[in-house]
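Undergrad: Listed here are the chains, written in short residue letters.
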Amino acid sequence: MMCNDARLLLHAYIDDELDAAQSVAITRHMQGCASCAAQYANYTQLHKALTQPSLYRRAPNALREQWSTAKPAIASPVRVATSRRAPIAFAMAAGFAAAMLLATSLWVYTSSPRSSDTNQLINDAVSSHIRSMQPQHLMDVVSTDQHTVKPWFDGKLDFAPRVKDLASEGFPLVGGRLDALDGHSVAALIYKRRLHVINLYQWPVSSSASPPDTTLWRGYAVIRWTSRDMRYVAVSDVNESELQQFVLAFQDDAATPPMR
Amino acid sequence: MAPDPHVIGSTRFEERVLPHLDAAYNLARWLTRDDTDAQDVVQEAMLRAFRYFNSFHGGDARIWLLAIVRNTYYSLRTKTPPDSMHEAFDDDVHTITDDQPTPEARALLALDVGSLQMALENLPHPLREAIVLRELEECSYKEIAAITGQKIGTVMSRLARARERLKAELTRHSTEARRHDVQ
Numbered sequence: 604m605m606c607n608d609a610r611l612l613l614h615a616y617i618d619d620e621l622d623a624a625q626s627v628a629i630t631r632h633m634q635g636c637a638s639c640a641a642q643y644a645n646y647t648q649l650h651k652a653l654t655q656p657s658l659y660r661r662a663p664n665a666l667r668e669q670w671s672t673a674k675p676a677i678a679s680p681v682r683v684a685t686s687r688r689a690p691i692a693f694a695m696a697a698g699f700a701a702a703m704l705l706a707t708s709l710w711v712y713t714s715s716p717r718s719s720d721t722n723q724l725i726n727d728a729v730s731s732h733i734r735s736m737q738p739q740h741l742m743d744v745v746s747t748d749q750h751t752v753k754p755w756f757d758g759k760l761d762f763a764p765r766v767k768d769l770a771s772e773g774f775p776l777v778g779g780r781l782d783a784l785d786g787h788s789v790a791a792l793i794y795k796r797r798l799h800v801i802n803l804y805q806w807p808v809s810s811s812a813s814p815p816d817t818t819l820w821r822g823y824a825v826i827r828w829t830s831r832d833m834r835y836v837a838v839s840d841v842n843e844s845e846l847q848q849f850v851l852a853f854q855d856d857a858a859t860p861p862m863r
Numbered sequence: 003m004a005p006d007p008h009v010i011g012s013t014r015f016e017e018r019v020l021p022h023l024d025a026a027y028n029l030a031r032w033l034t035r036d037d038t039d040a041q042d043v044v045q046e047a048m049l050r051a052f053r054y055f056n057s058f059h060g061g062d063a064r065i066w067l068l069a070i071v072r073n074t075y076y077s078l079r080t081k082t083p084p085d086s087m088h089e090a091f092d093d094d095v096h097t098i099t100d101d102q103p104t105p106e107a108r109a110l111l112a113l114d115v116g117s118l119q120m121a122l123e124n125l126p127h128p129l130r131e132a133i134v135l136r137e138l139e140e141c142s143y144k145e146i147a148a149i150t151g152q153k154i155g156t157v158m159s160r161l162a163r164a165r166e167r168l169k170a171e172l173t174r175h176s177t178e179a180r181r182h183d184v185q
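The listed protein sequences derive, respectively, from chains P and B.
Under our numbering, the first sequence has 851 at position 248, and the numbering climbs by one with no breaks.
Under our numbering, the second sequence has 113 at position 111, and the numbering climbs by one with no breaks.
If you are wondering where the hints come from, they were derived from the structure by calculation, not from laboratory data.
Hints are not guaranteed to be accurate.
Below, in silico cross-link-like pairs of lysine-lysine (BS3-like), each with a Cα-Cα straight-line distance of 30 Å or less [unchecked claim]:
#1 P:759 <-> P:795
#2 P:651 <-> B:153
#3 B:144 <-> P:795
It should be emphasised that the depicted structure is a prediction, and the values quoted were computed from it without experimental measurement.
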């Protein structure tokens with residue numbers, strides 16, 4: 604065996620990845636080659652040093668608790684007495700809801716347990732938002748011009764979505780795409796907030812108007828409301844107050860007659 | 003009561019995936035080199051894992067989760083401003099830099115945690131992820147290949163390069179330290 608081959612293989616030897624024949628070959632080579640043997644000693648020393656426990660970064664407790672105390676509330680609505688974790692989850696949800704209610708009186712917060720339909724919608728909206736963040740999935744039409752984005756939806760949907768550019772409020776429109784939510788074809792408008800993305804979904808409904816309802820789920824803020832026969836769901840990883848600001852800006856703008 | 007598929011799904015998620023939260027964080031922390039960013043990556047990765055858990059058909063959940071963490075890291079990274087983005091790695095350019103064999107090539111290495119940490123963090127991403135998966139997660143070459151989507155030969159040569167870089171860096175540190183002691 605040549606030193607060049609040995610130089611590569613001795614790493615696999617340290618990692619116990621060589622078959623018996625290769626192992627024999629490399630040990631033989633090192634018996635006759637002081638240089639490769641010295642390299643081997645160096646790398647073994649390094650290999651051992653890297654096992655020091657303080658180099659291993661364990662998850663912070665906050666992250667662990669977040670994922671292990673309560674199951675994702677969306678997928679499994681809190682149920683009484685069927686799960687040993689239910690009381691804790693209830694207490695947490697109640698405390699959380701109380702804190703939220705204290706924090707603001709303007710916004711309606713959903714307290715658990717929610718109906719499974721609602722959960723499903725939030726779940727779908729967040730998952731659609733996550734999907735949209737994958738490369739090449741975000742936009743079908745890329746434009747910062749509402750006069751380009753709005754006509755793009757013509758013929759693709761059986762309704763005309765409300766499209767507003769909110770750049771002056773710090774939420775520039777960057778594009779749109781078709782999506783599906785809750786069994787409907789929906790228009791998704793994409794806005795930016797600094798580096799964050801906000802997805803705003805909308806589709807027509809016949810139910811009466813409802814005020815914005817904020818839900819937080821796994822670091823995403825979801826705000827749902829109904830206005831003028833249109834159901835809206837806004838999803839983003841910006842903090843909730845910024846998303847609320849966005850919703851206010853959109854509603855404010857939408858109060859003026861939409862351009863056609 | 004009829005079993006609720008959601009509950010079964012999330013119980014299995016808890017049993018299969020949550021035990022590997024430390025592994026997920028360790029990889030994310032070494033990739034991002036920042037506590038807050040690492041938490042963001044893990045948060046996003048866990049969400050993705052939760053969403054795609056029904057597409058996980060057995061196998062090693064840790065390897066599956068680590069692959070998601072890695073993909074999440076790189077997909078989030080492409081959204082950051084492109085100042086630090088293009089750290090392209092060319093296997094041909096980063097050839098073996100090891101010095102020519104000399105009989106007394108037994109180096110004196112600085113192997114304290116601080117030096118090791120700095121040396122690891124200075125590695126380019128492709129080398130750093132390979133060495134972290136190998137030495138800290140104790141993944142086999144085959145597992146690293148599965149996580150990174152590379153060939154086993156690539157994994158092997160990257161590990162070799164990672165160790166050579168580490169050795170060079172740690173040797174330099176120890177030499178500087180000794181020179182400093184003398185003065």
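Undergrad: Between residue 651 of chain P and residue 153 of chain B, does the CA-CA distance stay at or below 30 Å?
TA: Holds, at roughly 26 Å.
Undergrad: Need the status of pair residue 144 of chain B, residue 795 of chain P: alpha-carbon distance at most 30 Å?
TA: At roughly 41 Å apart (the allowed maximum being 30 Å), residue 795 of chain P and residue 144 of chain B break the hint.
Undergrad: Quick one, are residue 759 of chain P and residue 795 of chain P close enough, alpha carbons at most 30 Å?
TA: holds, 24 Å
The structure is inconsistent with hint 3 alone, although it conforms to all the rest.
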